[in-house]
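Chains as they are written, first to last, in our numbering: chain A, 1 to 270; chain B, 1 to 270; chain C, 1 to 270; chain D, 1 to 270.
Rather than coming from a laboratory, the hints here were simulated on the basis of the structure.
Be aware that a few hints might be false.
Said to hold, decoys possible - Here are the simulated lysine-lysine pairs, DSS-like style, with alpha carbons at most 25 Å apart: (1) A:Lys158 to A:Lys147; (2) C:Lys147 to C:Lys158; (3) D:Lys147 to D:Lys158; (4) A:Lys158 to B:Lys23; (5) D:Lys158 to C:Lys23; (6) B:Lys158 to B:Lys147; (7) A:Lys23 to B:Lys158; (8) C:Lys158 to D:Lys147.
Since we're looking at a predicted model, the values are computed, not measured.
Protein chains: 4
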Amino acid sequence: MSTDADAIRHWWRTSIIEMEPGKIAFRGTPIEELIGNVSFPQMIWLMVRGGTPSEAEARLFEAALVAGVDHGPQAPSIAAARMASTCGLGLNNAIATGVNMLGDVHGGAGEQCAELYYDISRRLDEGTVLINAVQEGLDNWRSEYGKIVSGFGHRFHKPTDPRAPRLMALVRAAASEGTVSGRYADIGEAVQAELGRARGTPIAMNIDGATAVIFCELGFPSPLSRGLFCLSRSVGILAHSWEQMNQGGRNKGPMPPRFLPEYDPGDHSE
Amino acid sequence: MSTDADAIRHWWRTSIIEMEPGKIAFRGTPIEELIGNVSFPQMIWLMVRGGTPSEAEARLFEAALVAGVDHGPQAPSIAAARMASTCGLGLNNAIATGVNMLGDVHGGAGEQCAELYYDISRRLDEGTVLINAVQEGLDNWRSEYGKIVSGFGHRFHKPTDPRAPRLMALVRAAASEGTVSGRYADIGEAVQAELGRARGTPIAMNIDGATAVIFCELGFPSPLSRGLFCLSRSVGILAHSWEQMNQGGRNKGPMPPRFLPEYDPGDHSE
Amino acid sequence: MSTDADAIRHWWRTSIIEMEPGKIAFRGTPIEELIGNVSFPQMIWLMVRGGTPSEAEARLFEAALVAGVDHGPQAPSIAAARMASTCGLGLNNAIATGVNMLGDVHGGAGEQCAELYYDISRRLDEGTVLINAVQEGLDNWRSEYGKIVSGFGHRFHKPTDPRAPRLMALVRAAASEGTVSGRYADIGEAVQAELGRARGTPIAMNIDGATAVIFCELGFPSPLSRGLFCLSRSVGILAHSWEQMNQGGRNKGPMPPRFLPEYDPGDHSE
Amino acid sequence: MSTDADAIRHWWRTSIIEMEPGKIAFRGTPIEELIGNVSFPQMIWLMVRGGTPSEAEARLFEAALVAGVDHGPQAPSIAAARMASTCGLGLNNAIATGVNMLGDVHGGAGEQCAELYYDISRRLDEGTVLINAVQEGLDNWRSEYGKIVSGFGHRFHKPTDPRAPRLMALVRAAASEGTVSGRYADIGEAVQAELGRARGTPIAMNIDGATAVIFCELGFPSPLSRGLFCLSRSVGILAHSWEQMNQGGRNKGPMPPRFLPEYDPGDHSE
């Protein structure tokens with residue numbers, strides 16, 4: 001029979017951290033043994049899924065974290081964070097403002113793309129050949145998410161997003177060394193090829209599509225493609241918030257004050 | 001003479017990132033040269049302040065990032081993020097909820113503590129001896145922020161927060177190798193000693209106080225003690241949000257549903 | 001041919017507000033004619049959809065806004081905001097923290113419920129009788145959102161949420177006066193009856209289900225059931241943040257500090 | 001002796017709401033007696049401070065809420081919320097994004113301005129004449145907050161913000177009817193006159209300065225000038241988020257995609 005205290009403690013149960021006065025342990029290892037002994041990417045891995053990656057796995061994981069840090073002030077997450085830091089907010093609030101924006105259209109793209117890759121992988125497991133698995137996977141994915149396939153295409157980087165080929169080369173190298181299987185690299189590139197074929201012109205694999213390949217190769221569940229991207233992009237959000245703080249400004253709007261939004265009278269009847 | 005387009009582009013000027021179709025460079029280095037070649041901590045350093053740390057500097061920096069990742073569901077940032085992930089939000093929104101909470105009392109503590117250390121350091125530069133510099137620095141700091149000195153004391157980890165001595169040992173080792181000066185380790189420990197002396201019982205250096213030592217040793221401006229802590233704590237926030245998502249629950253409140261908040265009729269007159 | 005300035009201005013075009021130095025007009029009416037002449041609910045209506053409601057419509061609208069302001073510290077939105085205000089954040093950040101939580105499980109419930117009502121309404125328009133329209137609507141809705149029907153059932157208020165019958169009585173009164181049609185009251189109660197019948201025990205219509213009836217009666221598109229609820233709940237979030245600020249506390253966690261989360265060693269292998 | 005259950009319940013104690021299954025009461029009044037009987041502004045008043053305003057007080061309060069709803073997409077809070085709603089976020093997340101931005105520079109301006117008014121009022125109580133109380137109050141305020149006085153001056157509305165004279169006229173009318181004293185209207189206008197005199201050219205009272213007059217006349221503590229402004233501005237944030245959702249767009253940045261932020265190579269050395 002559970003006491004009130006047990007019920008409360010159970011309500012907040014966790015397998016991540018164990019604490020007593022003077023003691024902090026993460027997934028069984030005291031913090032003082034982790035500090036100075038594991039890299040930051042290894043610590044991220046330990047925290048979000050448990051276990052410690054090999055050095056080779058950690059290097060590939062790290063490459064994905066490095067790749068996604070920033071895409072400049074044209075990205076709404078970065079612009080919003082820069083504006084926030086001129087409104088008298090602390091850096092914590094500015095970062096939160098930016099990360100909050102990494103919704104289904106951006107951070108969620110990595111998650112949705114990972115779902116597509118895993119679905120295609122299951123079809124391969126069932127014996128479907130790659131090209132068919134890709135087409136069936138795309139059909140299935142689009143019935144849920146619509147025509148635009150997350151992880152592919154870039155309104156700016158045409159025909160190539162410079163991050164994707166570099167990341168894919170690292171995956172291929174890791175596969176040749178046996179660190180990962182290379183299966184999701186095959187899948188990602190097959191999806192890219194199929195999308196290009198269907199529209200008659202090549203399409204870029206973007207940062208979400210490329211990092212999802214890596215996170216799938218390393219076995220992260222799809223929602224973590226979104227979550228890990230948020231950690232990565234937080235770096236750029238912080239850097240830009242801080243740069244803006246040093247540039248100064250108060251209540252920075254999206255354009256210099258002399259430009260006024262166009263007023264479109266529209267239809268004021270209900 | 002500036003055109004409209006130039007004015008707009010200038011409004012969003014940045015020294016962090018340069019973009020053209022097919023090109024992304026951070027502080028002058030193409031992204032494809034960074035991916036796979038710099039560690040995630042080095043990338044963080046490059047983004048927020050420019051330049052690349054030596055390997056020894058990066059290791060010390062990494063230790064601070066590893067140390068601050070989590071303090072469990074009793075921390076409001078972690079609890080809020082866990083609750084958020086039961087409200088139908090994406091991991092990006094859950095992380096934002098948690099990071100937003102790292103305000104003056106927590107994330108800001110690192111910033112305020114760094115201000116104290118830098119102020120004491122300036123007094124040393126002016127020839128004041130350490131014990132006097134500490135006392136004057138504390139007086140000055142308290143006149144702005146009040147009696148409770150950020151970075152010291154822990155309501156839970158008494159008498160010692162296990163993270164602090166481990167971090168300080170790494171700083172001392174780095175100082176003995178010439179990576180850092182060790183000045184801020186001296187200052188931090190002198191502040192800790194003075195606070196303990198004044199109240200007649202030892203006081204713990206907490207995670208904010210210890211990481212601020214490292215960020216000061218490495219030359220980061222004080223607001224970045226807050227910003228970098230946010231990056232670090234984001235890891236725990238993500239891990240707990242994800243664990244909660246897997247535990248399930250809908251609209252998780254702060255206690256099991258059978259406990260109701262106490263109603264205190266108070267005084268309803270104005 | 002669009003100039004750069006025109007392109008920028010067009011990028012931020014709006015039909016809501018027109019500004020010139022010394023002039024602010026909302027949907028065509030100068031602000032100084034609105035201040036003191038329209039009620040706050042009328043202003044909300046004007047802003048989010050244009051037009052001005054009749055007094056009778058405004059009263060019904062206002063009842064929905066009043067009804068949803070708060071559900072106490074057991075609600076994650078309220079608890080999170082209270083915790084936020086002990087972390088050194090301003091009231092703006094505390095409100096944001098709370099409102100951010102009103103995701104698909106809570107604020108989104110009103111939106112999803114309105115979708116259900118509108119779908120059933122369309123079936124009635126096509127000649128389906130109410131009971132069939134309800135069953136078909138529920139089937140259709142569940143194929144998208146799952147078994148638990150948003151707007152109905154309450155883990156705490158059993159068998160009746162006291163807000164719902166009062167709101168429904170106001171809708172009925174408004175219908176008898178010709179202010180609204182009463183169609184969505186019929187639909188909402190038919191859904192409630194059908195859910196109760198199917199599970200063999202009555203089920204409460206909750207605040208999301210009842211306010212969605214009103215917002216549908218008044219013709220608000222379904223996503224605004226979520227948006228308007230956020231405005232309403234912001235009131236309680238502010239009240240609780242402010243009460244907590246006056247109670248004091250620093251870094252308030254979800255339970256008193258002497259209770260520690262239960263550590264569940266779980267399985268640390270990957 | 002407190003039991004565990006009592007301790008938990010006490011941790012979340014509140015004077016705002018009392019709940020039992022089937023019962024919700026706010027500051028002692030059952031919700032079903034409030035719905036349909038109090039206006040939304042009266043409910044806001046009841047929630048945040050207790051008590052019910054007279055109709056005349058409620059009208060003045062309502063005018064302040066109406067006045068602050070929006071200042072268009074040039075405001076960072078509005079722009080950020082519009083961008084958020086193109087990132088795949090719900091309206092709750094978009095509102096949170098906007099409200100989070102109402103920090104010390106904006107929402108906080110009302111709070112700081114109310115502090116100034118109350119400080120001047122205390123000086124009047126001590127017998128200082130108005131002009132001296134204003135000068136001393138300004139000196140005292142600036143020693144804490146710096147040269148730019150919150151609540152006065154507008155980079156856009158020169159020489160007059162159309163909201164302020166209208167609000168002040170309503171305060172004057174309410175004072176002549178005995179609803180309020182008019183003391184804070186005197187103070188606000190004396191501050192405005194003094195600021196104009198000192199710089200040799202008239203300065204506008206802005207929305208923060210004018211609503212702070214009303215909130216002080218009605219006896220709200222200064223932090224609530226920030227909090228109530230957030231409720232008001234939430235309306236515009238919702239309206240713009242919703243308008244943007246209907247305009248469409250994905251990952252809307254601060255300027256049309258063909259404009260790129262200027263890259264300023266700066267100094268990449270540390």
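Here is how each hint holds up against the structure:
{"no.": "1", "hint": "A:Lys158 to A:Lys147", "verdict": "holds (19 Å)"}
{"no.": "2", "hint": "C:Lys147 to C:Lys158", "verdict": "holds (19 Å)"}
{"no.": "3", "hint": "D:Lys147 to D:Lys158", "verdict": "holds (19 Å)"}
{"no.": "4", "hint": "A:Lys158 to B:Lys23", "verdict": "holds (10 Å)"}
{"no.": "5", "hint": "D:Lys158 to C:Lys23", "verdict": "holds (10 Å)"}
{"no.": "6", "hint": "B:Lys158 to B:Lys147", "verdict": "holds (19 Å)"}
{"no.": "7", "hint": "A:Lys23 to B:Lys158", "verdict": "holds (10 Å)"}
{"no.": "8", "hint": "C:Lys158 to D:Lys147", "verdict": "violated (57 Å)"}
The structure fails to meet hint 8 from the earlier list, while all remaining hints are met.
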